[in-house]
Amino acid sequence: MTNRSQSVYLRVFSGATDFQRWQSYYVNQTITFDSKTWNYHPFTIDAFTGGSTPGERFTLQVPATNEAVETFTYALGLNWLCEVKMYEFNTLATQTAPSASQVLIASVFGEVVEVRGGFTSLSVTLGSGLAPVGAQAPPRTYTTALVGTPLRI
Amino acid sequence: MSEFEFTEPLFVSRAQSEAISTPLQDDAAAGATSLDSDQQAVVLGEPIPIVFCRRIDSIGGVLVSPKATEAAYSNNGVTNQLTVNLELVLSEGELPLVQVRDVFQRACRVGTWAQAYDARAGTWNPGNTVTVVAGKTPWNCPYYCGTSGSYDNMTTLSYTNTHADADETWNKQVHVFVRNGIQVTRIIDNVVGSSNNFVDLVLYLIAQTNRVPSTLIDSAAMLTAAQFTNTNGFLFNGIVQASTNLEEWLYNTSAGFLLRFCDRAGKKILKARLPINNDYTIKTTAITAEYKFTENDILPNGFEIDYVPLEQRLPACIVVLWRQQPDDDIGIIRTTEVRFTGEALTGPYEQYDLSEYCASENHAVKVGTYYAARRKYITHSLRIQVRPGAFNSTLELGDIVRVQLARETDVTDYAIHDFYYEVDRISKATSGAVTLDLTHFPIDEQNRSLVALKVAEAVGAGYTMATGRTDFSCDIAGRRTDSSSIANTPDPDPPILPDPDNFEYTVPTPTITSDTTPITFGPDNATIPGGRNAVLGLAGASSPSGDTTNPEDPIEETAPAITGATGDFGRPLNGDDLETAPTCPNGQVTWYKRPKDGGERSQVQQDNLVGSATSTYTVGTEDIDYTIEADSRCPDPSSPDGYGSPVTQTTGPVEANYNFYNYVRWTGTKTTPSGATAYTSAWLNISAGNMAATISGVWGCVGNVPLAVNEGTTCPAVGPVNWRASVYTTNKNTNPTGLYGIGDLSYYDKFAAFNSSPCSSPTTGFSWAGTVEGRTLSVAGKWEFSVDGSTVAAEWEGRTDQSEGE
Chain A
176 MTNRSQSVYL RVFSGATDFQ RWQSYYVNQT ITFDSKTWNY HPFTIDAFTG GSTPGERFTL
236 QVPATNEAVE TFTYALGLNW LCEVKMYEFN TLATQTAPSA SQVLIASVFG EVVEVRGGFT
296 SLSVTLGSGL APVGAQAPPR TYTTALVGTP LRI
Chain R
48 MSEFEFTEPL FVSRAQSEAI STPLQDDAAA GATSLDSDQQ AVVLGEPIPI VFCRRIDSIG
108 GVLVSPKATE AAYSNNGVTN QLTVNLELVL SEGELPLVQV RDVFQRACRV GTWAQAYDAR
168 AGTWNPGNTV TVVAGKTPWN CPYYCGTSGS YDNMTTLSYT NTHADADETW NKQVHVFVRN
228 GIQVTRIIDN VVGSSNNFVD LVLYLIAQTN RVPSTLIDSA AMLTAAQFTN TNGFLFNGIV
288 QASTNLEEWL YNTSAGFLLR FCDRAGKKIL KARLPINNDY TIKTTAITAE YKFTENDILP
348 NGFEIDYVPL EQRLPACIVV LWRQQPDDDI GIIRTTEVRF TGEALTGPYE QYDLSEYCAS
408 ENHAVKVGTY YAARRKYITH SLRIQVRPGA FNSTLELGDI VRVQLARETD VTDYAIHDFY
468 YEVDRISKAT SGAVTLDLTH FPIDEQNRSL VALKVAEAVG AGYTMATGRT DFSCDIAGRR
528 TDSSSIANTP DPDPPILPDP DNFEYTVPTP TITSDTTPIT FGPDNATIPG GRNAVLGLAG
588 ASSPSGDTTN PEDPIEETAP AITGATGDFG RPLNGDDLET APTCPNGQVT WYKRPKDGGE
648 RSQVQQDNLV GSATSTYTVG TEDIDYTIEA DSRCPDPSSP DGYGSPVTQT TGPVEANYNF
708 YNYVRWTGTK TTPSGATAYT SAWLNISAGN MAATISGVWG CVGNVPLAVN EGTTCPAVGP
768 VNWRASVYTT NKNTNPTGLY GIGDLSYYDK FAAFNSSPCS SPTTGFSWAG TVEGRTLSVA
828 GKWEFSVDGS TVAAEWEGRT DQSEGE
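As they're listed, the protein sequences go chains A and R.
At position 76 of the first sequence (counting the first as 1) the number is 251 in my numbering, and the numbers step up by one without a gap.
At position 566 of the second sequence (counting the first as 1) the number is 613 in my numbering, and the numbers step up by one without a gap.
Calculated directly from the structure, the hints in this document are not laboratory data.
The beta-carbon is built from N, C-alpha and C at its ideal position, and this holds for glycine as well.
Please note: incorrect hints may appear among the correct ones.
[Unchecked claim] A partial selection of chain R residues facing chain A, derived with a Cβ cut-off under 8 angstroms:
id: 1; residue: Leu-91
id: 2; residue: Gly-92
id: 3; residue: Lys-315
id: 4; residue: Phe-550
id: 5; residue: Gly-578
id: 6; residue: Val-582
id: 7; residue: Leu-583
[Unchecked claim] Under the rule of at most 20 angstroms between Cα atoms (straight-line distance), these lysine to any residue pairs were calculated in the SDA-like manner:
id: 8; chain 1: A; residue 1: Lys-260; chain 2: R; residue 2: Ala-312
id: 9; chain 1: A; residue 1: Lys-260; chain 2: R; residue 2: Pro-435
id: 10; chain 1: A; residue 1: Lys-260; chain 2: R; residue 2: Ser-440
[As the list claims (entries may be wrong)] Under 10 angstroms between C-beta atoms, here's a sample of chain R residues computed to sit facing chain A:
id: 11; residue: Ile-97
id: 12; residue: Pro-185
id: 13; residue: Pro-189
id: 14; residue: Thr-291
id: 15; residue: Arg-311
id: 16; residue: Lys-314
id: 17; residue: Thr-574
id: 18; residue: Asn-580
Same shape as in the complex, but just chain A (with noise of 0.2 angstroms):
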């Protein structure tokens, strides 16, 4: 017999430096999980979604906290990454926190490119900067600097 649980951890993040760390699965314990200590945050995923068409972007829910609205509003505006994992393991087989037997079964990394919601609550959807519209090739055009005032013909 097994209770299959699904933990979920959150990493906001720029190179080296973690800016936020959020867990949802231990109700109010900071926990420490890979050498490092993750706070309780009560967020809340879509489903994680992999697919064969590019610009699958992935959305988590968290409450409008002020610690929420300034980690993403910076996430926002300095290109800072974010990465989400889900862990599946047995309750039945330990209570510790993590289980040390949690296996990873999704993960998905992307940047924060769009904030929005409520007074209480934001949605964050995680994506590239490569707009699905808009001219983006060849990037570079024409320009005075570059050719000054062309030939006309």
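Position chain R against the provided structure of chain A, taking the given hints into account.
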């Protein structure tokens, strides 16, 4: 809706997997070049082309028709011979020197050429000095000849040629066959040089956009894709010049290399559309499924199947356009028809244009075969929803799985749905349910991929088509075989360029705050880079200082004031005449009273006023301990009762007018450690006026002092709080020591208030020893007023807190 319901139509899955993809329109080969057209000039704002190619083993290269940015025209005053100089932009980035045999005007190898990188090529200056020569044909050359620029990170060409009097070809387009395009860091050998690998181009374009950090690129997957295209001869030899959305371009173009551009765990990847071996060749041996899904895995209603419709399964002839590029001549566009034996001999036809980048017949044939085989063999797509299992941590996009389900519609009618599928999409919900979008993966009886088999064995006829050109006499003699490079001649004395500051404006960084304290953040107290000013700029700058006064809303009606209250703190007393008037003539005022501690209100009076009259309500003793509310309404002919929405004004709680009475007494309940007992004090004479009474708070009886705070029990305000009638204390802990008192009655001239001690000879109060955690003791009651000292004329629950002590 159940969380297991599907929310997306299944046909989306079929479209995403591209089980069958059909071109929406046919058009002329995009890679074709018009040779005898007029020379084109650059227009500001148009994209700078990227020439990306590498000619290896007589395959590759691309014909470029560069646009001109500058020109110089002059003629001989006697012969009228015209000298034309053109400055041309060949490509963004640095290209190796092109060969003499590869530069043309029209289809002819003529002129004098020079090349430069990051600079202007040639040594001439732009301008038009053409004069009219008597007896000769006047030249009609452009007068706006360009001003030159920095040519930053561009490869430029200088072209010079002369034309005899009346030569009509002087203004024709020049062309360059580029064998080796811009130099990038090749992912396979990590060498900087020209490349024909599509993955190198993808990485270059993504990097140039500055929109995707390198950490979001899956380098390992990209290297595998690069090896796949390199091993199988799927090479890019073309120009990126039409402005387009990069993501869309990558998605569409990658199909021409049998790659798929998608995301995996948030990272950008290119992934082979066919199974591959460890040496990156197409896998034509047996395929092993990563996991088998059976009835034990499928959740209720978790099976949806979508068969490819008839129009997308009809046998079709796939027409592929590509470029045949001879070594010593301008290339030509070719078509190759791909069809299964005996099928679609007269169509229908589906055209796939690879001519922009494909210079190999085998490449074209394999792509054509891929589309034909998918069309022929793939019959359906599937979406299943399954319970989590061992596959949860191992199954990835592109893996092959087996779905084996028994279909039992009758005791004797028994069939098995048993197919291989390619995983196109995985969705893992936190509920645990996993949704898989699967595309039929057709195999033969040896479990080999049918599509992969057909693509792997596909090979072009190898026939070299004649270009149709036999006369090369317009070439300068010897040029056709001259493989030497043209001169590398950056202009040693380029025209003086204006300061670049004339063409840009740099917004100064604003100072939002003078506070330079670093901002630290998160569990590690990480310091946010960029400084406080930069961070505040990102977070919406600074909050406004000062207050903001909104204008009065001319529509919004404000409640008129209630006047006439004469008590302390502006509260009404019994006997007061309260008045209010609507802000409009002929209004209505309805008076209500509501218990001062909340609850339902009840109507006490209603006045329909005439003109600008005032409504008056006289407060009675029955209103003591209530608040009074006045609803004012203005006439509204659209309302059923003739009045509009009310605006409400509320008074403070009505108090007893103690100046009306000569006597007061306290009556209530004392709750002591021994229990609750009723108590009524003697009448106290307050006829002198300005008198008040109170019930004291908690006292410490060892020192006989009133207590503001105590570790053993809660303490109400010490006061004295005039007309306080009830006090409570709750023990915080259990402690047998300590001696306390609470709630004794005192009365006095209110300008000389005092608390009577409950520690000795209390009346309403009492004292007790020790505390018991959670126990509440109280002296709670009300004031009764009388004129004659015997008949109760009014009752008042009194005031409750320090702020109400007058």
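Tested hints:
Using the Cβ-Cβ criterion of 8 angstroms, the hint placing Leu-91/R at the interface with chain A is satisfied: the shortest such distance is roughly 5 angstroms. For Gly-92/R, the suggested interface contact is upheld, since its CB lies about 6 angstroms from the closest CB of chain A, less than 8 angstroms. With a least beta-carbon distance of about 7 angstroms to chain A, the hint placing Lys-315/R at the interface is held under the 8 angstroms criterion. For Phe-550/R, the suggested interface contact is upheld, since its CB lies about 4 angstroms from the closest CB of chain A, less than 8 angstroms.
Nearest Cβ of chain A to the Cβ of Gly-578/R: about 12 angstroms, over the 8 angstroms cut. The hint is violated. Taken as an interface hint, Val-582/R checks out: its beta carbon lies about 7 angstroms from the nearest beta carbon of chain A, inside 8 angstroms. Violation of the interface hint for Leu-583/R is found here, the shortest Cβ-Cβ separation to chain A being roughly 10 angstroms, above the 8 angstroms cut-off. For a cut-off of 20 angstroms, the pair hint linking Lys-260/A to Ala-312/R stands: about 10 angstroms separates their Cα positions.
The straight-line distance between the Cα atoms of Lys-260/A and Pro-435/R is roughly 16 angstroms, inside the 20 angstroms bound, and the hint therefore holds. Only pairs whose Cα atoms come within 20 angstroms are accepted, and Lys-260/A paired with Ser-440/R is accepted, the gap being roughly 12 angstroms. Nearest Cβ of chain A to the Cβ of Ile-97/R: about 5 angstroms, under the 10 angstroms cut. The hint holds. Taking 10 angstroms as the C-beta cut-off, the interface hint given for Pro-185/R is violated, the closest approach to chain A being about 17 angstroms.
At about 5 angstroms, the closest approach between the beta carbon of Pro-189/R and any beta carbon in chain A falls short of 10 angstroms, and the interface hint on this residue holds. Interface restraint check for Thr-291/R: the shortest CB-CB distance to chain A comes to about 6 angstroms, inside 10 angstroms, so the restraint holds. Taking 10 angstroms as the C-beta contact cut-off toward chain A, the hint placing Arg-311/R at the interface holds, the least distance being around 6 angstroms. Interface restraint check: Lys-314/R against chain A, minimum CB-CB distance 6 angstroms, threshold 10 angstroms, status holds.
Because the smallest distance between the Cβ of Thr-574/R and any Cβ of chain A comes to about 8 angstroms, under 10 angstroms, the interface hint for this residue holds. A hinted interface residue such as Asn-580/R counts as satisfied when its beta carbon comes closer than 10 angstroms to some beta carbon of chain A; here the least separation is about 13 angstroms, so the hint is violated.
The structure fails to meet hints 5, 7, 12 and 18 from the earlier list, while all remaining hints are met.
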